[in-house]
Every structure is written in C-alpha cells, then in structure tokens.
Amino acid sequence: MTTITGQVSATDRPRTYPGEARWLHPMAWWSWAIALAIAASVTTNPLLLIGIVVVAALVVDRRKPQAPWARSFAFFLRIAVLIVIIRVLAQILFGAPTGTLAVLSMPALTLPDWFAGVRLGGTVMLEPLLQSVYDGLRLAAIIVAIGAAGSLASPARVLKSVPAAVYEVGVSVVVASTFLPQLVADVSRVRANRRLRGRREKGVRALAGTMMPVLHSAMDRSITLAAAMDSRGYGRTADRSTGDRLRTGVALLAGIVAIVVGVFFLLGTASRDWENWGLAIVALGVISAAASLAFAGRRSTRTRYRPNNWHRADLWTLGCGAFTAIAFSAAARLDPVGMATSTQPPVWPSLPVLAVVGLVVAALPAYFTPVPPKDER
Amino acid sequence: MIEFDDVSIRYEPEADDILTGVDLTIAEGEFVLVVGGTGSGKSTLLSSINGLVPHFTGGVLRGDVRVDGRSTRDHRPRDLADIVGVVPQDPLASFVTDTVEEELAYTMECLGLAPAVMRRRVEETLDLLGLEELRNRPLRTLSGGQRQRAAIGAVLTAHPRILVLDEPTSALDPGAAEEVLAALHRLVHDLGITVVMAEHRLERVVQYADRVIELGGPGQALAIGEPTAIMATAHIAPPVVHLGRVAGWHPTPITIRDARRQADTLRTLLTGQVPTIRAVPDAGSSPVASIDDLQIHHGPVLALRDVDLHVDRGDIVALMGRNGAGKSTLLHTLVGGLAPSRGSVNVDGMDPSGLAGPELLTRVGLVPQEPADLLEAATVAAECAASDRDAGCEPGTTRAIVALLAPEVTDPTHPRDLSEGQRLLLALAIILAARPRLICLDEPTRGLDYPTKARLATILTDLAEAGHAIVLATHDVELAAEVAGRVVILADGEVVADGPTSQVVTSSPMFAPQVSKVLSPQPWLTVGQVQRALDNLEGTA
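Chains R and W supply the protein sequences, listed in that same order. Per the working numbering, the very first residue in the first sequence carries number -9; after that it's consecutive. Per the working numbering, the very first residue in the second sequence carries number 8; after that it's consecutive.
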C-alpha cells in the first residue's frame, strides 16, 4: 500500500480547471434548493413567488445533466400547477365569503347541521380567492424548488454524501427512486400489451388487469436486486456490540427529538425567551445527532469511490442560496407589508428591493457553476 | 477452488430435492459450463456457490459447499463477495447505481477498499472490458451486450477468484454474445479466473469450456467431464454435436473446426442432394400482411424507415438484427400498437391500429417478449376462460389448445409458477384461440432449452402448414434456420436483407447456423435436412 500513498492525496482532492465539466456537489444543489424553499415560505408576494419558480426553472434548464432522472422537473412543474388549481377550487367550493368584491355567484348549498353546516358554492369573493392563489403559489414554489434539486443532483450522488451511519436508509430511498420510473415503464408496457388480448376498456377494470403483471415484475426485480446487492457485499459491517448500537441509536433519536422540539419552540411562540431556549435545544440536538452519526460511521467499513468534494463553485452555490434565504427573511422583518401582499383590500404587489436582490443572487449559479459532464446520449 | 461435498438442496422441507448428492471439485482457473433442461437445478447449483442458496433463498442444504476453503455454512453471500463474483441473468435489474463507473466501484466500496486502489481498478477494468467510452453513461441507456459487460466489470473490480454467470448470452444478439464471450475468454486465459457458467445456447459457448456439468434433473445424478465426453451422450447438445452423431463422427465434434476436419466424407456423400424445404401452402391471391414505405418515430428517434414487408399465407418470416434494430417496433406496428408517421400497414385487408376485440384478434396476434405481460389471472383455467371471452369463441377453445401445445400444464397452476417455456406456450395458446391469420412472436426462444425449442419449432411449422402466416423476431440463428422460409435482417431501422433463409443466413458468418458453417459451400442449414438426405440415400442404396 505504500506505493500508492502519493496517489491518495491526488485522488482525494482532484484539482478542477475553469470551464471543465464536472458534477457540482449534490449537497450544494440541495442546500441551494432548500434555501429557495425557505425563501418561498416566508412570503406570499405572488411576484416574488413566481420569481422563485422562474429562477429554479432557469437554473435547471442551464445545468441539468442529460440523464433520465433529470427529466423529473417537468413533472414537479405540473404538480405545482395542480396545487394552485386545487387550492383555488377548494376556495371556490368550500371557502367562506369574507370580503366585499364579488367575482362570481353560484348557487349555494348548505349541508345540514349534522354535517357541520358546511356551505358549498355561493358567491365567490375576490379577497379570499386571491389569498388562496397566493397560498397555492407559495406551496407550488416550495415544490418546484425541491424538484429542481431532484433533477440537478442525481439521487445516487446524494447518497454518496450521506453519513455512513444512515447509509442503509439512503440506499432504500435511492432504490425506491429508481424503482418508480421503472414501474411507470412497466405499466405502459403492460397496458400496450393488453391490446394484444383485444381489450380496449379503460379505468378501474383495466387498472386491475395491469396491476397483476406489473406488481409481479416489480417483485421479481426487487428480489433480483436484493440478491445482487447481497452477493456484492452490501451490508458487510465491522462487528459492533449490541450495547454500542443501542447507545448510538438512543443518542441519534434524542438528538432528532431535541431538534423537533426546539424548532417547535422557535416557530410556535412569539416570546423572545422561548426562542432562545428553542435555539439552545436545537443546538444540543444537532450536536447529539452529529456525534452519534460520526460514532456509528466510524464502525462502517465502507469506503467511497471518488467522493464529492467541495470546490469554490460549490461553496458559492451554497452561499447564493443562503444569501437568498437570509435576504427574504430579513425583508419579511423589515418590510412585512411588501412581503405579505395584502388581499384585504386587494392591492397590486410591491417589489421589496432586498428580496429582488435575493432572487438575482439565487439565479447566479445558472452561470458560474461548471456544466455537468455530457453523456453520449 | 470450489468443493461440493455430498450436497443436496431442497427449497421446502417436505419437497423433493432439486439437487441430490452433488460431489464436485472445480480447480482454480477452470472454465466450467453447466448444462441441463429447464428446472434441472442449474440456477440452484450456481447460487449455492456463493451461498445465496440457502442464505438468501431459504431452503435446506445438506452437505457442505466450500469456496477457497470457506464454507458457505458460516459465510453469507456478502462475506464471500471478495472471492465470488456473481453476474445475474438480468443485469439491468441487478444494477445498484446509475452510471457505469459508479457501478464498477460499488462492490469495492462495500468491501472497503482504499480510494486509490478503487480508482486504479476501475480504470483497469474499463480497459479490460472495453467500457472506457461508456464510463459516464447511465446504465439504462446501454445496449444488451454493453450491459452484460458492465455487470461483469462490476463484480470483476473486487478481483474475485471465481466468476459465476447465469445465462449471460441468452438475451443477446449473435454479435453482442461474441463480445461478451470474448471478454470472458480473455479473463480465463489472462487472469486465470475460475468461471462457472450456465447457458442454454450451447452452440455459442461449449467450445470455450474446459469441463461440462450436465444436470439430469431432480433426483438424477449429474455428469461431469470433458466437453467431448459429455456431449457424446448429452440430451442437450448444440447442432454441431447432433450433426456429428448423425454422421457417426468420433470423437464428437464440439467446434466448427473439429467438425469441418471430419466433414469431407459427409460432404462427398451429400453431393448432388438438395435440402428438403417445407412445402408452403398455396399463398392465395393477396398477402396476409403488407407494410409499405413505413416510417415510425419514437419521439425524435426514427425507429423504422422505408420498410416494406409482405407476408403471405403459410410464410414463416424471421426478423433478425441487433438489439434495438427495430424488430420489436416492427412487430408492434403489425398489431397496430404503434402509429406510423408515414406509410401504411395492412393486415388481412384492414389497418390493425383501428381494431380491437375479436376484430383484431382474428387478424393478428403477438406473443410479446415477456409472455407474462399477457397473463393476468391467478390460474391457468381462469386465464383460458378469459381468453375465450376476449376472442368471442366457444368456452374451452383455449384450454383445448393449451392441452395440445403443453399437455403437462394443469388447470389450477398459477401462470407465474410455470416454466419459461410453458408460459410462452400458454401465451401462444391464448393468441391462437381466435385463429389469427398472422401470428407474431417476439424473441420466443429466450431462456428455452433445446427440447422446448424443438417443440416450438414443430408447433410453428404446423401452424404455417395450416395456413397461418408467422413473423418472429429472434436472435436465434438455429431457430431461424429450422423454421423460417424467409429471413429479414434489420439494421438501424432499415431492412438490409430480405430473402430466402438459405441465401440470407449463409451470406454472413454472424447469422450462419452451425450446420451451414460445417458443410459450406453446400446449402445445408439444419441437422434435420442432413438426416433426411442421408435416410433417402440409404433408402435408394
């Protein structure tokens, strides 16, 4: 092993060259996307929310790799549109007519008292309608941001960065994520083949007919995969005592509980006092969880092939995301009216300067990050 | 290297043994081929080498399997991953990561090798298997042969001393199979790896083997020996061996070279004889199916271009060509499942894409690549009843056809529990219930053993004689030579050859059947033809 020690450092941290095609660290994309989602969550200003969707789409368009999993972004966009539509429809059907500006009047139907007296239909007011559009947009923008991460960073590359201790969980997630597209392909193949038996019916009956072969082949595939992973050494771990395992498990669980409780304090209360306590509990939880992960990870014998490294562009991407999240949060404190566009009475949304700067910065990774390596197809 | 010490395996405590009393030693660096019919326990034997049987599959193993001194009793498959590399039948289903390079590294990561070692071995393996160009490619976009090589590379990086392969070439076209076998040959000779391989397509592999293990089936003893010795008496043998038996050659030839060196007398004997060709029933006035100037797009990709094809009554047409050349696309167009962007498809006077129900089924039927895709009921009986309803024919029609094609299939069996061959025949029976004028089959011989294949060949010939037109897509040159009157070769979506089988297959070494290679320049294609000619000679003498 002595002859190759020189190479270890070389492969551990390969140099990068400007303009060279390489993968950005998947965690850089994910943290950038999560920051965008955080930014979206603090505002109901429709212009800013649409801005976030546009920024996400721009970056995906310029930096998505030519791989099958990168095509999922269109799917997330569709989900986002669907969310807005459902939110608006729900408002029209079930919403209370609080407001003064009527847009549409429909026959109303009040359900009997034993059904909680829910009112269906009736006059649709502009104010609650706008509010539902803004709420829907906010959720849609969050979904689009997460979808962007999903198509910018391959799920398998994300797996390479998860701590060794939770590797097993990560594997199941990745296997599931490659399974879904395969399942979709199976369904369309089996449906096409139903023609061969002269069937034309659609709907539930057709679905029942396709389920059998599809589930069977999915089952067969998972057994094959499990056998293949077992034969290739998956799950070889250094011997660990049960006590060790228990201690790490408890520490991890306690850490996670602490984080949840802390976040609850942070978000759920108005008092500064509780906020400070919340911060302290979150910090404790993070330390406990990180320590248990590191401890458990030391016991794993797995190594990583060409691990992802943080280079300048990766850090800048992370920074851009962080800047946007902070800019939006700051704007929400400094300019609450601009960030939460009023619907009572409805006004044309303003554009808080700080948030707009945040949006521009969030779009920068579309230009300065390296392009992903090209496949031949 | 591998020792089986009186090993018996059964999957249920009450069931019969799959393998009984196996005593076997495989030395380091040997290339061992495992042959046997469907259900003879080939996969069980292979999986027991790295302990998947019984650790993963369950079941009872008596006796002891030792690999490099380690017993599979106390070593799980994952503990043997550094010694035994297993390449499963369907590589795509066994890939864990999503690009070639990462897949090559996966086993090493599990074994915990140092990053620098991993990097070096990945590069070596990419070169060794000719995968360098493909290193960043998503595994799903690879062709069949490339996938198989990537799967071999993925286990090879761990530097195993033993490689176990389950039917590595059965889904591949002749060219891709050559590619994979050449890579294996190199591993055995350059690296001294021990290879244990199961394969139905003996004509492709038997010449590479040092020894052959023949499994007789449950309850029967296995035979192991030199290929020539085993092949002299084996039930399951490639055409060249059958030719040797018919011609009475000793020792039994297992390669084309062996056979050609003994073939002089046979060739002289056969001079002046002509191969018998199946009588084709009267073609009728118009073709059963005709395709004119066809163009099919899959998204932006042109899958088929300028294809013309006419199939008459009683014709058997074999579609051949690489994986992805457009064979399946053409078949699906014939049943109207794909809409042409130009040109016309006509089956029995109608465009099939507008048809459904009995209207479609009486014109054209297709047995897809996965016959199981057609099956959805929980028993064979229910499946047959559903088929009668679909086709609008008398109850019991399908069941009667099943009884004819596969008499051993029983009513209460779940279609998934049938063997690959039985499932194919069940799907074929369902298609036949409506008596379609055109029958299409997509890769019907994948995973079939020789006896089942011979049965299929007889069935197809009978159907053609009864006036059905048949189009089959296949990689199996021997099957094409056996049944097809005409061969159409597709390449990159275009028809590159279309003519009588004897002319098309003999003109390229890739598609020539073994008998033709042995007896060329004479026009013999199958052992059956030679046999009949010899019988004739005897009769006249």
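Treat the hints with caution; some may be incorrect.
Unchecked claim - In silico SDA-like cross-links for lysine to any residue, where the CA-CA straight-line distance does not exceed 25 Å:
no., chain 1, residue 1, chain 2, residue 2
1, R, K364, W, P258
2, R, K364, W, K460
3, R, K364, W, K524
4, W, K524, W, P258
5, R, K54, W, N143
6, W, K460, W, A236
7, W, K460, W, G399
8, R, K54, W, P307
9, R, K54, W, K524
10, R, K364, R, L48
11, R, K54, W, E108
12, R, K364, W, V308
13, R, K364, W, A236
14, R, K364, W, E233
Stated by the list, open to error - One-sided excerpt, in silico: chain R residues whose CB lies under 10 Å from chain W:
no., residue
15, K54
16, R68
17, V161
18, G275
19, R296
What the hints assert, rightly or not - Have a look at the derived ranges for each label pair, beta carbon to beta carbon:
no., chain 1, residue 1, chain 2, residue 2, range
20, R, L170, W, E366, 56 to 64 Å
21, R, L305, W, V308, 34 to 42 Å
22, W, R349, R, V174, 52 to 60 Å
23, W, M357, R, T100, 51 to 59 Å
24, R, S151, W, D299, 32 to 40 Å
25, W, T64, R, P102, 23 to 31 Å
26, R, D51, W, G331, 26 to 34 Å
27, R, V159, W, M357, 53 to 61 Å
28, R, A216, W, R285, 41 to 49 Å
29, R, S151, W, P20, 39 to 47 Å
30, R, A356, W, S514, 53 to 61 Å
31, R, L170, W, V308, 22 to 30 Å
32, W, G331, R, A356, 29 to 37 Å
33, W, G28, R, A216, 46 to 54 Å
Keep in mind the hints are simulated off the structure, nothing from the lab. Where is the CB? At the ideal position from N, CA and C, for every residue including glycine.
Hint numbers contradicted by this structure | Checked against the structure, the hints that fail are numbers 1, 2, 3, 7, 9, 13, 14, 15, 16, 18, 20, 22, 24, 25, 33, while the rest are satisfied.
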